[in-house]
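Engineer: Single-letter residue listing:
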Amino acid sequence: MIKLIRMDDRLLHGQVMANWVNGLNIGGVLIVSDAVAKDDMRKMALNLAKPSSMKLFIKNMAEGIAALEKLNGFSYNSMILTENAKDTLALVEGSPVLSGITVNIGGQRPGEDRHRVSDTLCLSDEDIGMIRKMEDLGAKVEIRKLSSERAKTLADIMKDIK
Amino acid sequence: MPKVEFGGDFIEHIIFTSHGSLAEGMLSAVKLILGEDERIRAYSLSVYESPMIIAEKVGELLAEKPAPTAILCDITSGSVHNNLIEFCSRTDMEVIVMTGMNLAMAIDLVSKPSSVPLRQRCEEAIQAAHEGIAFFDRDIVEKALHNQCYDEL
Numbered sequence: 001m002i003k004l005i006r007m008d009d010r011l012l013h014g015q016v017m018a019n020w021v022n023g024l025n026i027g028g029v030l031i032v033s034d035a036v037a038k039d040d041m042r043k044m045a046l047n048l049a050k051p052s053s054m055k056l057f058i059k060n061m062a063e064g065i066a067a068l069e070k071l072n073g074f075s076y077n078s079m080i081l082t083e084n085a086k087d088t089l090a091l092v093e094g095s096p097v098l099s100g101i102t103v104n105i106g107g108q109r110p111g112e113d114r115h116r117v118s119d120t121l122c123l124s125d126e127d128i129g130m131i132r133k134m135e136d137l138g139a140k141v142e143i144r145k146l147s148s149e150r151a152k153t154l155a156d157i158m159k160d161i162k
Numbered sequence: 001m002p003k004v005e006f007g008g009d010f011i012e013h014i015i016f017t018s019h020g021s022l023a024e025g026m027l028s029a030v031k032l033i034l035g036e037d038e039r040i041r042a043y044s045l046s047v048y049e050s051p052m053i054i055a056e057k058v059g060e061l062l063a064e065k066p067a068p069t070a071i072l073c074d075i076t077s078g079s080v081h082n083n084l085i086e087f088c089s090r091t092d093m094e095v096i097v098m099t100g101m102n103l104a105m106a107i108d109l110v111s112k113p114s115s116v117p118l119r120q121r122c123e124e125a126i127q128a129a130h131e132g133i134a135f136f137d138r139d140i141v142e143k144a145l146h147n148q149c150y151d152e153l
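Just so you know, the protein sequences line up as chains A and B, in that order.
Quick note: the first sequence uses the numbering used here, first residue 1, plus one each step.
Quick note: the second sequence uses the numbering used here, first residue 1, plus one each step.
Next up, chain A with everything else stripped away, as it sits in the complex (with noise of 0.2 Å):
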């Protein structure tokens, strides 16, 4: 069953592993990124380093959305990590296994037209659009970097952003 997915630019590190995957039992882990489904060092870099009793799954987007109905039927509790919100979006819009799912909202890292939210979380307006769009879609979105936090809601940070 899928259980999360959490966007995070950094994908699969430490917080991910130590909060996520270890706090909710995960057994396999499905990222879906355009980017880095086509890259095979990252591929086998992120292969090298996850746990051996973990599986790790990497597809581009229209791969990631086809597999979603296999992955949630697998006895294994799984999550979905996507690097930004675009690709959390389309995840979200593109397939009705997701609905009501936890978007979780870690990590974005700074840019030009980013609002800084938290130490690890920096947001553009488009990117606050676009996780609206996913709570209109049904998703529950929450946002914190580890799960010993309180979870924020879009409404919690639109208070303290501008």
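Calculated directly from the structure, the hints in this document are not laboratory data.
What you are looking at is a predicted structure, and each value in this text was computed from that prediction instead of being measured.
A few of these clues could be false.
Restricting the straight-line Cα-Cα distance to at most 20 Å, the calculated cross-link-like pairs of lysine to aspartate or glutamate (DMTMM-like) are [unchecked claim]:
no., chain 1, residue 1, chain 2, residue 2
1, B, Lys57, B, Glu94
2, A, Lys50, B, Glu142
3, A, Lys38, B, Glu142
With chain A held as given, fit chain B onto it using these hints.
Structural biologist: The following block gives chain B in isolation, referenced to the frame of chain A:
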């Protein structure tokens, strides 16, 4: 996730100890990954101090706030370890000492729910510490690159 509530009763202590400032560094790394955790303390040793100082600090803590305790030491048979190992013989509370502290060990121990017995979590953390040590070179990386395959999904 393990969010420990403290109401005056200390559930347990997790103590990082080391030569130099490795213990403080370990605490800073664990905080970055898992967030604040009131169970954890870091005691380290500067070149000018007697190794007994860490044992004294641990002794004071356990006297003041008795609770099951896991102590992580940087290296087996170092002076820090030698001075702490005697705490294992205490009969009034459970004290477990582990050596070869690394970040994988610390994260594993801190992130498991405290409903699991401390001893079991410590044994699992030792396992995680072993698994967290690996060797990579060009040979291994090239083989991995060549053998990439994607299974059932």
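Engineer: Please go over all the hints and tell whether each is borne out by the structure.
Structural biologist: Comparing the hints with the structure gives:
1. Using a Cα cut-off of 20 Å, the hinted pair lysine 57 of chain B and glutamate 94 of chain B holds, with the two alpha carbons roughly 17 Å apart.
2. A distance of roughly 17 Å separates the Cα atoms of lysine 50 of chain A and glutamate 142 of chain B; the hinted pair therefore holds under the 20 Å criterion.
3. The suggested pairing of lysine 38 of chain A with glutamate 142 of chain B holds, with an alpha-carbon distance near 17 Å, which does not exceed 20 Å.
When each numbered hint is compared with the structure, no violation occurs for any of them.
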